[in-house]
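Chemist: Given next are the chains, with one letter for each unit.
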Amino acid sequence: MDIQNISEKAAKIQEAAQSLIEEASSLRAIAKSILEKSHTGTSAEIDPFIIGLTVFILACFIGYYVVWKVTPALHSPLMSVTNAISSVIIVGALIAAGPSMESISTTFGFFAIVLASINIFGGFIVTQRMLAMFSKNK
Amino acid sequence: MTASISSLLYLLSAVCFIMALRGLSSAATSRLGNLYGMFGMAIAILTTLLTPNISRHGVILSGIILGGSIGAVIAKQIRMTALPQLVAGFHSLVGLSAVLVAGAALNAPDVYGIGMSGSIKALSLFEMGLGTAIGAITFTGSFIAFGKLQGLMTGKPLSFSGQHLLNATLGGAIIFLLFIFMITESHFIFWLLTCVALALGILLILPIGGADMPVVISMLNSYSGWAAAGIGFTLGNHLLIVTGALVGASGAILSYIMCKGMNRSIFNVILGGFGTDSATTATQAVCAPDRPIKVSNAEDAAFILSNAQSVIIVPGYGMAVAQAQHALREMADHLKKKGIKVRYAIHPVAGRMPGHMNVLLAEANVPYEEVQELEEVNNDFSTTDVAFVIGANDITNPAAKSDSSSPIYGMPVLDVEKAKTVLFIKRSLASGYAGVDNDLFYRDNTFMVLGDAKKVCEEVVRGL
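Chains as they are written, first to last, in my numbering: chain A, 1 to 138; chain B, 1001 to 1464.
Keep in mind the hints are simulated off the structure, nothing from the lab.
One thing to keep in mind: the hints can contain errors.
FRET-style restraints, in silico, Cβ to Cβ [as the list claims (entries may be wrong)]:
#1 A:F61 to B:E1373: 36 to 42 Å
#2 A:I21 to B:S1186: 52 to 58 Å
#3 A:D47 to B:L1011: 19 to 25 Å
#4 A:D47 to B:T1002: 21 to 27 Å
#5 A:A24 to B:L1012: 54 to 60 Å
#6 A:I21 to B:S1004: 45 to 51 Å
#7 B:L1166 to A:F61: 41 to 47 Å
#8 A:I30 to B:S1062: 56 to 62 Å
#9 B:F1179 to A:E15: 56 to 62 Å
#10 B:F1176 to A:I21: 57 to 63 Å
#11 A:K32 to B:K1121: 38 to 44 Å
Cut-off 20 Å, straight-line C-alpha distance, at most; resulting in silico cross-link-like pairs (DMTMM-like, lysine to aspartate or glutamate) [what the hints assert, rightly or not]:
#12 A:K69 to B:D1452
#13 A:K69 to B:E1375
#14 A:K69 to B:E1369
#15 B:K1121 to A:E45
#16 B:K1338 to B:D1300
#17 A:K69 to B:E1376
C-beta: ideal position from N, C-alpha, C; glycine also.
Next up, chain B with everything else stripped away, as it sits in the complex (with noise of 0.2 Å):
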């Protein structure tokens, strides 16, 4: 196969790519969209094996095969609420594959036809290191999100004195670095190169907490797709250069989506911004008992549920943990059949990762129609007789909209208490994320119904 034959195979498997995307627009089309996108992927990797250079062919083929079982097999198992850390893990991958390709690429500089071992190009250089650093940043970061996201660390913040100032010096000593390696194309400077940047990759998602998840996934993916550009331009394939992008700017519009969403900034997400404020602000909302709050059961809340008109559901993360969403479905599906309108209010940020809510409710077999985003049903509360609150918090409190002080202040937030009744179905009395105390608990419309949102789904089942 020669050289131009394969660059046009490469454009169609990037038009291939490009397509998978754009199908995701509608339900309709996205399963359409995937199949491009396998594809893409079966004709990228086809092209690059019949290429005339590579010849260990069954060594290959038995890796393939090896990682691909290990990846249907996961794929295949996985809950649907674990598939924040399932991503986190596989963003980790691809952060390692680019580090090694970019190993390989220093120590056989001929296969990739870059120049000689001891005398590179400057630029190729550039390139490699660009891409390793970015490539460790993303395995070490989205291993430690990983972590956070499976319970296997605290999700908390962890945060110490003089962390912006190690970080912004292990960023500086990456820059330094590469442009040392630049010049000398050591292989020691090269490794020192990755080391560091696996080290920050660490200290930049540490300090940051389990809400702001959704963020710190979208940047990983973002990250993940500039590697994969960077290794691209180091091996002058276009290909790769095209799909990072691709993925490069979705990450990177995601993020944004996200953060505005929270009404932050990512650099205030990225220094950990509700890690050091929430400190002062929890011990306030732990010092708030003795405000009056009306606490309510299961049966109760069928009661008000059945004499309703019209409900909207807001789940959060806490549906997501306790595995709700069927309970959900069937207390909606009784509901539905007396003749009550339900629909379902996602917040951008609710859960772990972007549309984690709407995978979960999908599950569950929600229509597709009844589930709404923000800003189509937010008007709608002030006409509907209950919003049924399921393990959501500071993405309902009203202190977004009114109180300055707030440190969620000014985030788009469910205009729940617009409602006639809000019932609010929480584990106990605690605050929120961010630490913040949700004023909504307080009010004279609502009901707070303590318990685990599963057993209390299925009660209210029972009662209606």
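Just chain A, same shape as in the assembly (with noise of 0.2 Å):
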């Protein structure tokens, strides 16, 4: 009697501990897949306004070395190549009209890929007809 209930009772704990060697194997599991999860969080992957952000402050002091070294009597031409350079807002008007289906969005797209190449056309050729003036007084 004695031996049947000891060895019931052993058996039992048996059962518990395979539970428990079980548990502990899931909740190692789900550590490791938290872990994981916070890693590709935070340092494996870097978010993309903070990589775009880098890039413009990086851009900004290009920019500021580069027209300080700009001749004052270029600054007129200056004011139109930029001009015409920042209508390369354009990549964006050509996304937002590029989809086969048509929508308000692909409308405005169409409208500013127009208004854009205004600008393109008009400020490159202004900037030429100017330095064309400057150079052959050379």
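Two chains, two frames, a set of hints: combine them into the complex.
Modeler: This is the structure in structure tokens:
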């Protein structure tokens, strides 16, 4: 009787131990996945905004140093050429106008393409005209 | 084309744009620089067209051809004297494009890969709202500047009481709406934000007068860059961010140089400093006509010039208005034939945009090395026989150096009064833009030649 009791208890303890092992291993898996997630969330993957900000700040410095080097006589061409290149916003307009399904956003995109193109062609051509006047007098 | 390859091509395009600005460091390299700019733009457009989700190439191409031909015709036909308004007009187009692209991104965020409609990331919404706000201010602000420069509306500062308060309220409203938009993604709030920014653009530029236009144009140039950068953040496009930053920095530096040329802070210009001050000083100027002025004519001027050994010509906006640059160069040619040394002195804020005078003189085939900046030439006036001031006024006013009560006190000016003789070509004896009486008119060595700048130059040529 005693032996039977003991063996039953031992079996129960064995079962309990088994379930504890299973629980521990599942906890370990969860902990592992949390650890992985936290890695990808913080250190392994940088927010695209931060990359954009890095690029932006560095470009501001490049712009600052390059533009100070521009000779004052050419400040008018500088304005018209920066005006032309700021129309690179056409990239956004092209993406908006791109999809085959017509919608309000493709219409917006189309108008933005027209406006930006006026600027690109107008800006570069007028800059070219001005610079031609400067270089022929050299 | 994979995303990595297009990113690399965008990088190449950004480098081309930097080279375009770098080229402007000297006249010799500037044309190559402009070619770099065009090349960079072509790469950017082709790269975008080759991305897989763009399909309606026919429609897109027709848009580019339509806009391109309009732009090309305008740029080929425009007269060089109309350059400031052309640039202002072009800035307004960049602003409007930025608003349209932001609107498109709000309506079809999936196309740009920034989420689905109704669940766009808050940060993207913030960038979108900021881009559209700056774009809208640039659009209407440049439009007003265009109207003022083109003469469609008065170039005088238009101000009314409570203006600053209204502008501050609108500015506050933009920030408030931006945050509401960030939280709600409401299309209504987006367009309300755009409308408030459009109104602010108009109100910001209305009180700024004609002679402050160099600052305004530079500032709007800067804004158009920041708008492009804002859109770049929304779309996650590094090319737009880099270009926007370059243009923004360029405009900011030009604004700084222009403000320094007037010894005023940018806030002072934006808040319309002269517009309010000049009301009192202008009346003073009108009240002092009894001081003696030596009025001369073109023949006398020709005689004085032909007896000189060195002449410095000081051009201003009046030369641009009268289209006198060709007649002026002809006059200078005659003087040079007589062995007289001729130079041109350019004040940083002469004209209506940075470098305005340089372009006009270049158009008239004036040799590059004869045209000098304020710092280079200012010490030479004392050893010069004749200073020939044509269509300039405030930038020569000695009161800027001596009279601390003058509104233009502290502004760097050309020391024309140090020349042996000053010939002052002017349409009338009215005061300059700043409404300040010019002490130079009453000096013993000053001779006023009244008349249209171009006609006077032509008459001087005949006299020579």
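Chemist: If a hint holds in the structure, say so; if it doesn't, say that too.
Modeler: Right, here's what the structure says about each hint:
| no. | hint | in the structure |
| --- | --- | --- |
| 1 | A:F61 to B:E1373: 36 to 42 Å | violated, 26 Å |
| 2 | A:I21 to B:S1186: 52 to 58 Å | holds, 54 Å |
| 3 | A:D47 to B:L1011: 19 to 25 Å | holds, 20 Å |
| 4 | A:D47 to B:T1002: 21 to 27 Å | holds, 22 Å |
| 5 | A:A24 to B:L1012: 54 to 60 Å | holds, 55 Å |
| 6 | A:I21 to B:S1004: 45 to 51 Å | holds, 47 Å |
| 7 | B:L1166 to A:F61: 41 to 47 Å | violated, 36 Å |
| 8 | A:I30 to B:S1062: 56 to 62 Å | holds, 58 Å |
| 9 | B:F1179 to A:E15: 56 to 62 Å | holds, 59 Å |
| 10 | B:F1176 to A:I21: 57 to 63 Å | holds, 59 Å |
| 11 | A:K32 to B:K1121: 38 to 44 Å | violated, 29 Å |
| 12 | A:K69 to B:D1452 | violated, 37 Å |
| 13 | A:K69 to B:E1375 | holds, 16 Å |
| 14 | A:K69 to B:E1369 | holds, 18 Å |
| 15 | B:K1121 to A:E45 | holds, 17 Å |
| 16 | B:K1338 to B:D1300 | holds, 17 Å |
| 17 | A:K69 to B:E1376 | holds, 17 Å |
When each numbered hint is compared with the structure, violations occur for hints 1, 7, 11 and 12.
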